[in-house]
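Sequence lines, in order, name chains A and B.
Per my numbering, the first sequence runs over residues 761 to 1057.
Per my numbering, the second sequence runs over residues 211 to 425.
Keep in mind the hints are simulated off the structure, nothing from the lab.
Hints may contain errors.
[What the hints assert, rightly or not] Using 25 Å as the maximum straight-line C-alpha spacing, the simulated DSS-like pairs for lysine-lysine come out as follows:
{"no.": "1", "chain 1": "B", "residue 1": "255", "chain 2": "B", "residue 2": "413"}
{"no.": "2", "chain 1": "B", "residue 1": "365", "chain 2": "B", "residue 2": "339"}
{"no.": "3", "chain 1": "B", "residue 1": "339", "chain 2": "A", "residue 2": "1024"}
{"no.": "4", "chain 1": "B", "residue 1": "298", "chain 2": "B", "residue 2": "409"}
{"no.": "5", "chain 1": "B", "residue 1": "250", "chain 2": "B", "residue 2": "272"}
{"no.": "6", "chain 1": "A", "residue 1": "1024", "chain 2": "B", "residue 2": "332"}
{"no.": "7", "chain 1": "B", "residue 1": "294", "chain 2": "B", "residue 2": "413"}
{"no.": "8", "chain 1": "B", "residue 1": "366", "chain 2": "B", "residue 2": "340"}
{"no.": "9", "chain 1": "B", "residue 1": "397", "chain 2": "A", "residue 2": "1007"}
{"no.": "10", "chain 1": "B", "residue 1": "350", "chain 2": "A", "residue 2": "900"}
{"no.": "11", "chain 1": "A", "residue 1": "1024", "chain 2": "B", "residue 2": "335"}
{"no.": "12", "chain 1": "B", "residue 1": "409", "chain 2": "A", "residue 2": "1007"}
{"no.": "13", "chain 1": "B", "residue 1": "332", "chain 2": "B", "residue 2": "250"}
{"no.": "14", "chain 1": "B", "residue 1": "272", "chain 2": "B", "residue 2": "305"}
{"no.": "15", "chain 1": "A", "residue 1": "1024", "chain 2": "B", "residue 2": "348"}
{"no.": "16", "chain 1": "A", "residue 1": "900", "chain 2": "B", "residue 2": "335"}
{"no.": "17", "chain 1": "B", "residue 1": "254", "chain 2": "B", "residue 2": "305"}
{"no.": "18", "chain 1": "A", "residue 1": "995", "chain 2": "B", "residue 2": "280"}
{"no.": "19", "chain 1": "B", "residue 1": "350", "chain 2": "B", "residue 2": "250"}
{"no.": "20", "chain 1": "A", "residue 1": "1007", "chain 2": "A", "residue 2": "980"}
{"no.": "21", "chain 1": "B", "residue 1": "366", "chain 2": "B", "residue 2": "294"}
{"no.": "22", "chain 1": "B", "residue 1": "365", "chain 2": "B", "residue 2": "298"}
{"no.": "23", "chain 1": "B", "residue 1": "340", "chain 2": "B", "residue 2": "294"}
{"no.": "24", "chain 1": "B", "residue 1": "350", "chain 2": "A", "residue 2": "1024"}
{"no.": "25", "chain 1": "B", "residue 1": "348", "chain 2": "A", "residue 2": "900"}
{"no.": "26", "chain 1": "B", "residue 1": "332", "chain 2": "B", "residue 2": "280"}
{"no.": "27", "chain 1": "A", "residue 1": "980", "chain 2": "A", "residue 2": "900"}
{"no.": "28", "chain 1": "B", "residue 1": "365", "chain 2": "B", "residue 2": "348"}
{"no.": "29", "chain 1": "B", "residue 1": "250", "chain 2": "B", "residue 2": "280"}
{"no.": "30", "chain 1": "A", "residue 1": "1024", "chain 2": "A", "residue 2": "988"}
{"no.": "31", "chain 1": "B", "residue 1": "335", "chain 2": "B", "residue 2": "254"}
{"no.": "32", "chain 1": "B", "residue 1": "280", "chain 2": "B", "residue 2": "340"}
{"no.": "33", "chain 1": "B", "residue 1": "366", "chain 2": "B", "residue 2": "335"}
{"no.": "34", "chain 1": "B", "residue 1": "340", "chain 2": "B", "residue 2": "250"}
{"no.": "35", "chain 1": "B", "residue 1": "365", "chain 2": "B", "residue 2": "305"}
{"no.": "36", "chain 1": "B", "residue 1": "413", "chain 2": "A", "residue 2": "1007"}
This is what each chain is made of:
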Amino acid sequence: MTVETNDRRNVVGLGILSEINSRLIKRLVAFTAVAIFVTGCASKPNSTLQDEANASTDDQWAQTEGSTAVDEGDNDPIETVNRFIFAFNDAADTIIFRPVAEGYRFLVPSPIRDSVRNFLRNTYTPVILANDLLQGDLEKAENTFARFLINTIAGAGGLADVASQTGLEYHSEDFGQTMGTWGVPEGPYLVLPILGPSNVRDSVGLVGDALLDPLTYVAKTEVLIGRKVTDGIDKRSRNIETVDELKRDSVDFYARVRSLYHQKRENEINDGTTEPTLAPGLTDIFPEDDDQVSYAE
Amino acid sequence: MKQITGFIKNIAALLAGAAFCLAVFNGAANADDAAGHFLKTLQKKAISQLSNEDISTEEREKQFRALLNKNFDIDGIARFVIGKYWRKAEDSHRKEFTTIFEDVMVQRFLPTFSQYADSEFKVTKVVPKKSFFIVFSKVKTENGEPSQVLWRIEKKDNSSDYIITDIAAEGISLRSTYRSDYTSALKSLGGNLSELNSKLREKVQSGDFAPKESS
Chain A
761 MTVETNDRRN VVGLGILSEI NSRLIKRLVA FTAVAIFVTG CASKPNSTLQ
811 DEANASTDDQ WAQTEGSTAV DEGDNDPIET VNRFIFAFND AADTIIFRPV
861 AEGYRFLVPS PIRDSVRNFL RNTYTPVILA NDLLQGDLEK AENTFARFLI
911 NTIAGAGGLA DVASQTGLEY HSEDFGQTMG TWGVPEGPYL VLPILGPSNV
961 RDSVGLVGDA LLDPLTYVAK TEVLIGRKVT DGIDKRSRNI ETVDELKRDS
1011 VDFYARVRSL YHQKRENEIN DGTTEPTLAP GLTDIFPEDD DQVSYAE
Chain B
211 MKQITGFIKN IAALLAGAAF CLAVFNGAAN ADDAAGHFLK TLQKKAISQL
261 SNEDISTEER EKQFRALLNK NFDIDGIARF VIGKYWRKAE DSHRKEFTTI
311 FEDVMVQRFL PTFSQYADSE FKVTKVVPKK SFFIVFSKVK TENGEPSQVL
361 WRIEKKDNSS DYIITDIAAE GISLRSTYRS DYTSALKSLG GNLSELNSKL
411 REKVQSGDFA PKESS
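Hey, can you work out the whole structure from these sequences and the hints?
Below is the structure:
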């Protein structure tokens, strides 16, 4: 009797597993196809830009603009659309997100907010671990795995970040970064509704991260959305002053954010440790050909 | 007797050799580190000036402005951040822009440098490039995490002095960031530098560039 029920349970368990497996495989295949497609697309607009920059050789500035990807105008072929979505996001932020984030920060004491963040971060561990491995960074993967074990067991299911006190600092990785380390170009700049600044590569990365996350297949949609929203509010509540400052400080807020997003992502792909001037395929923070620019008329 | 003089001679030769090596290696190290030394000296000077509680706010700003003008390539950075629009602009507007940009820098960075003045500052390495040096540094504030700050330093023309031509904190370069902002603004203003000047002046007057006290 007992053997039979056990068997049946196993069969059911396996059934679910294989169900998840086949779904996972299907999605991964579809996803890989999309990634390859995007890689192809993303490299095209860049090369046109390069051509345009090279075409106007009489303009020395244009030449440098083409070679330093950290730049205005470049890499934003759908600027009008982007600016529209950016304005929409900004309005939504002023009306909804910033007040909610401020309320959250005002009402919820800091230790609890930290616990919320720790817990959320812990639930994202599989995604970070998968990306660590896909980037071939075993050291980071080990760090991520150790953090997960320590924080889940000693940190009450991830509420306390015990691991960081033992020197295992949190780090974040996403599939956009992973593709970046593989040499996938960023593609045109995109502003996503609500989600904010991105580019083609990182937008695909968002889908990739969802697919790499086991919770996507297990948890209810409400839970997943709830987690994303809480994460968003937590992040917004931690940069209220920074964003305010940025807005006051800049003349063209949109252009400022676009540049910062690009530079931040480059740095993250570098992991901030690699010497920027040596990392292959990446923009120098201080490009060498700056020197060829003559300021004389 | 002969043996002893020979021994002494040998020792003397050895010492001379050692001294020579020491001088050579030290010299080599200095040549590489000169840009780093420049930065360290500057940081020490900044500490003594900016953490001086006895001086008035105006006096502090005056000192910081002097420090900025002597050690930062404000003119070069100002030219860089407006890109191709510099070439098209009238001379008077350029001069105006450079002056206002200096004000922007003072307002933006005086509080930051004051805050960072007594933080732990370490030069981690110096990488010589074709015509400039990249000085890597780690800055650690009292309760903050250490962050990597890169300094792009050039040798001044016809002198042994150095000048800072860009700063990048955590991969964000000052020049590139301002450049994308200002050139984009100029594009929508039809390349009119004097209009950007008046916009910036308004912002300086209302203190928009000063970072708020972080909470």
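Do the hints match the structure? See the list:
The suggested pairing of residue 255 of chain B with residue 413 of chain B is violated, with an alpha-carbon distance near 30 Å, which exceeds 25 Å. Taking the CA atoms of residue 365 of chain B and residue 339 of chain B, the gap is near 12 Å; set against the 25 Å cutoff, the hint holds. For the proposed pair residue 339 of chain B and residue 1024 of chain A, the alpha carbon gap of about 23 Å is at most 25 Å, so the pair holds. For the suggested pair residue 298 of chain B and residue 409 of chain B, the alpha carbons sit about 19 Å apart, so the restraint of at most 25 Å is met.
With a CA separation close to 21 Å, the supplied pair residue 250 of chain B and residue 272 of chain B stays within the 25 Å bound. A hinted pair counts as satisfied when its Cα atoms are at most 25 Å apart, and residue 1024 of chain A with residue 332 of chain B qualifies at roughly 23 Å. Pair hint residue 294 of chain B plus residue 413 of chain B holds up; C-alpha atoms about 23 Å apart against a cutoff of 25 Å. Taken as a hint, the residue 366 of chain B and residue 340 of chain B pair is honoured in the structure, with Cα atoms around 14 Å apart against an allowance of 25 Å.
Proposed proximity of residue 397 of chain B and residue 1007 of chain A is supported: the alpha carbons are some 19 Å apart, at most 25 Å. Note on residue 350 of chain B and residue 900 of chain A: the hinted pairing holds, with a Cα-Cα distance of about 23 Å set against a maximum of 25 Å. For the proposed pair residue 1024 of chain A and residue 335 of chain B, the alpha carbon gap of about 22 Å is at most 25 Å, so the pair holds. Under the criterion of a C-alpha separation no larger than 25 Å, the hint pairing residue 409 of chain B with residue 1007 of chain A is consistent with the structure, at around 14 Å.
A distance of roughly 8 Å separates the Cα atoms of residue 332 of chain B and residue 250 of chain B; the hinted pair therefore holds under the 25 Å criterion. Straight-line distance between C-alpha atoms of residue 272 of chain B and residue 305 of chain B comes to about 20 Å, which keeps the hinted pair within the 25 Å bound. Proposed proximity of residue 1024 of chain A and residue 348 of chain B is supported: the alpha carbons are some 18 Å apart, at most 25 Å. Note on residue 900 of chain A and residue 335 of chain B: the hinted pairing holds, with a Cα-Cα distance of about 24 Å set against a maximum of 25 Å.
Restraint check for residue 254 of chain B and residue 305 of chain B: not satisfied, since their Cα atoms lie roughly 31 Å apart, outside the 25 Å limit. Between residue 995 of chain A and residue 280 of chain B, the direct Cα distance comes to roughly 40 Å. Violation of the 25 Å bound is thereby established for this hinted pair. Annotation: proposed proximity of residue 350 of chain B to residue 250 of chain B holds, straight-line Cα distance about 15 Å (limit 25 Å). For the hint pairing residue 1007 of chain A with residue 980 of chain A, the CA-to-CA distance comes to about 37 Å; that exceeds 25 Å, so the pair is violated.
Restraint check: the Cα-Cα separation between residue 366 of chain B and residue 294 of chain B comes to about 24 Å, which is no more than 25 Å; the hinted pair holds. A hinted pair counts as satisfied when its Cα atoms are at most 25 Å apart, and residue 365 of chain B with residue 298 of chain B does not qualify at roughly 28 Å. About 24 Å separates the Cα atoms of residue 340 of chain B and residue 294 of chain B, which keeps this hinted pair within 25 Å; it holds. Our distance criterion of 25 Å between C-alpha atoms is met by residue 350 of chain B and residue 1024 of chain A, whose separation comes to about 20 Å.
Proposed proximity of residue 348 of chain B and residue 900 of chain A is supported: the alpha carbons are some 21 Å apart, at most 25 Å. With a CA separation close to 22 Å, the supplied pair residue 332 of chain B and residue 280 of chain B stays within the 25 Å bound. Distance restraint check for residue 980 of chain A and residue 900 of chain A: the Cα-Cα separation of roughly 30 Å exceeds the 25 Å cut-off, and the hinted pair is therefore not satisfied. Distance restraint check for residue 365 of chain B and residue 348 of chain B: the Cα-Cα separation of roughly 22 Å lies within the 25 Å cut-off, and the hinted pair is therefore satisfied.
Straight-line distance between C-alpha atoms of residue 250 of chain B and residue 280 of chain B comes to about 15 Å, which keeps the hinted pair within the 25 Å bound. Pair hint residue 1024 of chain A plus residue 988 of chain A holds up; C-alpha atoms about 21 Å apart against a cutoff of 25 Å. Restraint check for residue 335 of chain B and residue 254 of chain B: the C-alpha separation of about 18 Å stays at or below 25 Å, so the hint holds. Restraint check: the Cα-Cα separation between residue 280 of chain B and residue 340 of chain B comes to about 23 Å, which is no more than 25 Å; the hinted pair holds.
Of the pairs offered as hints, the one joining residue 366 of chain B and residue 335 of chain B holds, with about 21 Å between alpha carbons and a cut-off of 25 Å not exceeded. A hinted pair counts as satisfied when its Cα atoms are at most 25 Å apart, and residue 340 of chain B with residue 250 of chain B qualifies at roughly 22 Å. For a cut-off of 25 Å, the pair hint linking residue 365 of chain B to residue 305 of chain B stands: about 24 Å separates their Cα positions. This hinted pair checks out: residue 413 of chain B and residue 1007 of chain A have alpha carbons roughly 11 Å apart, not beyond 25 Å.
This entry does not satisfy hints 1, 17, 18, 20, 22, 27, going by the numbered hints stated previously.
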